[in-house]
Amino acid sequence: MSGRIVVGYTATNAGLDAVALGARLASASGAQLDVVVILPGSGRNVADPSDAGYDRYLLDTAEKWLRDAAATIDPSIANNAHIRFGESFAEGLMTAANELKATFIVIGTAGGGRLGRHRLGTVATTLLHSAEIPVVLAPEGARNTENSAGITRITAAVGTRPGAGALMNEALALVSATGATLRLLSLVTVDLPPSVDTGVIRIAGAAHADDVLATARAALPSHITAEAVIARGTSIEDAVQHLSWEPGEIAMVGSSRLARPRHLFLGSTAAKMLHELTIPMIVVPRTPLAKESQR
Amino acid sequence: MSAVDKSATPVTSDGAENDRGISSKGLSQGTVGLIGAVVIGISCIAPAYTLTAALGPTVSAVGFQVPAIILIGFIPMLLVAFGYRELNNRMPDSGTSFTWATRAFGPWVGWMAGWGLIAATILVLSNLAGIAVDFLFLLIAQLSNDPGIAELAANPFINVVVCLLFMLGATLISYRDMQTTQRLQYFLVSFQLLVLLFFAGTAIVAVANGNGFDPSALSWEWFNPFAVTSFSAVAAGLSLSIFIFWGWDVTLTMNEETKDPDRTPGRAATLTVVLIVTLYLLLAISLLMFAGTGTGEFGLGNPDIQDNVFFALAAPILGPLAFMVSLAVLTSSASSLQSTFVSPARTLLAMGHYGALPKKFAAVSPRFLTPGYAVIVSSIVASTFYAVMRFISENVLWDTITALGMMISFYYGITAFACVWYFRHQWFDSIRNMFFTLLFPLVGGMILAALFFITLIDSMDPNYGSGSSVGGVGLVFVLGLTVIIVGIVIMVWQAIKHPKFFRGETLSMDAPPSHRGRKR
Numbered sequence: 001m002s003g004r005i006v007v008g009y010t011a012t013n014a015g016l017d018a019v020a021l022g023a024r025l026a027s028a029s030g031a032q033l034d035v036v037v038i039l040p041g042s043g044r045n046v047a048d049p050s051d052a053g054y055d056r057y058l059l060d061t062a063e064k065w066l067r068d069a070a071a072t073i074d075p076s077i078a079n080n081a082h083i084r085f086g087e088s089f090a091e092g093l094m095t096a097a098n099e100l101k102a103t104f105i106v107i108g109t110a111g112g113g114r115l116g117r118h119r120l121g122t123v124a125t126t127l128l129h130s131a132e133i134p135v136v137l138a139p140e141g142a143r144n145t146e147n148s149a150g151i152t153r154i155t156a157a158v159g160t161r162p163g164a165g166a167l168m169n170e171a172l173a174l175v176s177a178t179g180a181t182l183r184l185l186s187l188v189t190v191d192l193p194p195s196v197d198t199g200v201i202r203i204a205g206a207a208h209a210d211d212v213l214a215t216a217r218a219a220l221p222s223h224i225t226a227e228a229v230i231a232r233g234t235s236i237e238d239a240v241q242h243l244s245w246e247p248g249e250i251a252m253v254g255s256s257r258l259a260r261p262r263h264l265f266l267g268s269t270a271a272k273m274l275h276e277l278t279i280p281m282i283v284v285p286r287t288p289l290a291k292e293s294q295r
Numbered sequence: 296m297s298a299v300d301k302s303a304t305p306v307t308s309d310g311a312e313n314d315r316g317i318s319s320k321g322l323s324q325g326t327v328g329l330i331g332a333v334v335i336g337i338s339c340i341a342p343a344y345t346l347t348a349a350l351g352p353t354v355s356a357v358g359f360q361v362p363a364i365i366l367i368g369f370i371p372m373l374l375v376a377f378g379y380r381e382l383n384n385r386m387p388d389s390g391t392s393f394t395w396a397t398r399a400f401g402p403w404v405g406w407m408a409g410w411g412l413i414a415a416t417i418l419v420l421s422n423l424a425g426i427a428v429d430f431l432f433l434l435i436a437q438l439s440n441d442p443g444i445a446e447l448a449a450n451p452f453i454n455v456v457v458c459l460l461f462m463l464g465a466t467l468i469s470y471r472d473m474q475t476t477q478r479l480q481y482f483l484v485s486f487q488l489l490v491l492l493f494f495a496g497t498a499i500v501a502v503a504n505g506n507g508f509d510p511s512a513l514s515w516e517w518f519n520p521f522a523v524t525s526f527s528a529v530a531a532g533l534s535l536s537i538f539i540f541w542g543w544d545v546t547l548t549m550n551e552e553t554k555d556p557d558r559t560p561g562r563a564a565t566l567t568v569v570l571i572v573t574l575y576l577l578l579a580i581s582l583l584m585f586a587g588t589g590t591g592e593f594g595l596g597n598p599d600i601q602d603n604v605f606f607a608l609a610a611p612i613l614g615p616l617a618f619m620v621s622l623a624v625l626t627s628s629a630s631s632l633q634s635t636f637v638s639p640a641r642t643l644l645a646m647g648h649y650g651a652l653p654k655k656f657a658a659v660s661p662r663f664l665t666p667g668y669a670v671i672v673s674s675i676v677a678s679t680f681y682a683v684m685r686f687i688s689e690n691v692l693w694d695t696i697t698a699l700g701m702m703i704s705f706y707y708g709i710t711a712f713a714c715v716w717y718f719r720h721q722w723f724d725s726i727r728n729m730f731f732t733l734l735f736p737l738v739g740g741m742i743l744a745a746l747f748f749i750t751l752i753d754s755m756d757p758n759y760g761s762g763s764s765v766g767g768v769g770l771v772f773v774l775g776l777t778v779i780i781v782g783i784v785i786m787v788w789q790a791i792k793h794p795k796f797f798r799g800e801t802l803s804m805d806a807p808p809s810h811r812g813r814k815r
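The listed protein sequences derive, respectively, from chains A and B.
Residues in the first sequence are numbered consecutively from 1, following this note's numbering.
Residues in the second sequence are numbered consecutively from 296, following this note's numbering.
Do not rely on the hints blindly, as some may be mistaken.
As the list claims (entries may be wrong) - Here are the simulated lysine to any residue pairs, SDA-like style, with alpha carbons at most 20 Å apart: (1) Lys64/A to Lys655/B; (2) Lys654/B to Glu63/A; (3) Lys64/A to Ala657/B; (4) Lys654/B to Thr61/A.
None of these hints come from the bench; they were simulated from the model.
Treat the numbers as computed from the prediction; the structure is a model and nothing was measured.
Using the sequences and the hints, build the whole thing.
Here it is in structure tokens:
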């Protein structure tokens, strides 16, 4: 995959998490890395008179931030730094990602969250509501994972819901680019409303999950093998905790049914998973852009 | 489409500096039109707020001659603003007065100019919040028909607590850079102007119908500055009227960000000032006609209402619609809060950047891209200042406004002289230069310097202004002197700890050479 990974950078630990993960992903998949800082742009500042001097200072500061960020990236990874302007971080980042024809957007989700966990702030939420390409969420502490950890395994949370096709395509593309192994995860058995008579449904669900996984596996190209697991537990959180996760692993989920086509929206299952995961998570939009139109 | 042409300039990650020529373009190029510039100008002046705070003290200084003082008070402001514009075009820098005075006169004078700006904006922040508190309680009282609530604002404990909450809110807004939308901004400014017009109109109609509190016939004498009894009174009035025009200069210094940099700033500044002067004159005249300058309940000479005249006069003039004035002043204060907060923060940031203050002040919040540390420090200082003043002064709002006029004269004066001195080799390059870099700022600076010293000396009298005093000396004098002495102490301390800036290593003195030689 000769894609481009766009990292939305802020000079915070969350930003360093994102840069480290972006670099690891780029290095494992042979993609190009673009680190982007978004500054407040025109048209936004109506309350106070803008100040060319301050704007310049901000620009200088942003350049320094980008140099500091670049210094943390392994020199073997091709990377570029950009300063863009946008009405908001999310808006500016998406515009930049579109212009750069990015295949992934990486952002950090730390900031007040428990160590090692994700916590979605307004930026991540906005992005997840409107991005048209997969968004990679770097958990707090991703900056401490060595680049050499690589990408060892992709776990795709498959369901029968729309979006699964796009999810599988993305997962396969990433697996072939990185040489990671593929694990298919079904959460059907635990992903139930609390009111349902769980005993009965669980048995039916287990059978259903087997079907889903079998279908998914059957759809795989012959050269790719996948492990399949059915999550067990009293809740999504419980199930996620009981699964084993490798340090170089990345989880992948499809965006919710509520999302407009081609836009992301984090469903409740994914949100619950995210809450427990200590590894990066990729959220894939329902209908991806036609891959052929991208480089 | 909000992405600017800058986006085409990637910063290479190998640490290469990008072209300074490109960087010198502003981020907000060509986005502000004439109306937008006028709206920003009016919003920064916040006429509803400034007039309610300054009208009473001005009446107490010059009596009926307020219109005259408003008209001539504009002159030094205009003259200095020309110099300000020259400097801003030549060296746009977020340190403004600090940076320019340093370039012209060296680090020590520059430091004090920056300090003056910071002190002035911190004074106005606390005054702004104080006025907002009064009107918040008044608004609640008016809407709930319970006049008792308005009196709660006079309780110093309640007042200080609510004021600190206001400051906290304003700090959060500035720190997180939460912006109002352009439409809301336009609406607030229009609302403010319309309510003030309505207020003035109703007062005049009331007088015509014989319902004035102390009807006083309009006289041309009101426009005659020579009718004021003493020169000191003129100086006191002028130093207050400088405050009411403070902020207007932003329209003139807007440059790169306007759609037509050659014409928009000049036109916007003219239009803004015509609107503002008309409005001030109309309000001052109508309120003088309605209430007179006597010391009766609603008389503008009544010391109990002088520090916040709209607060007292809204109800007798507008009756049940008085809440409109409260709303206008509240929104006016609120919408000027951010621009007011930004100014000391940016100067502190520049001072931190050049080593005139500890480096921490130069920190930019990576998430919100605001001068975070400087914002928080300004807020803490302004809050502490207000809380202390509320307890030691009988008339905190009045005293802060008077001290503010003095501080504005101080740093604007230095800025004006900085312009004159910085361009000393270019004075006679052209007729234009002679006026804009020599005559105008020189005269403006001299007027402001005179005002500063006269106010400083006069305010030693314990009966000066509101009549608050500390140890037999006028509180305004104590305030002004304390601010300056504290500034000198911090400056010397910084010079000992971090002498780099004071040796001229970070920001050097400079004077652009004449261009005449080149033309020949």
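Sort out whether glutamate 63/A lies within 20 Å of lysine 654/B, counting only the CA atoms. Status holds; Cα separation ~18 Å.
Hey, lysine 64/A versus alanine 657/B, does the alpha-carbon distance stay inside 20 Å? holds (13 Å)
Would the hint linking lysine 654/B and threonine 61/A be met if the CA-CA limit is 20 Å? holds (13 Å)
Assess, step by step, whether the Cα of lysine 64/A is no farther than 20 Å from the Cα of lysine 655/B, and give holds or violated. Cα-Cα ~16 Å, so holds.
Figure legend: structure checked against the earlier numbered hints; every hint is met.
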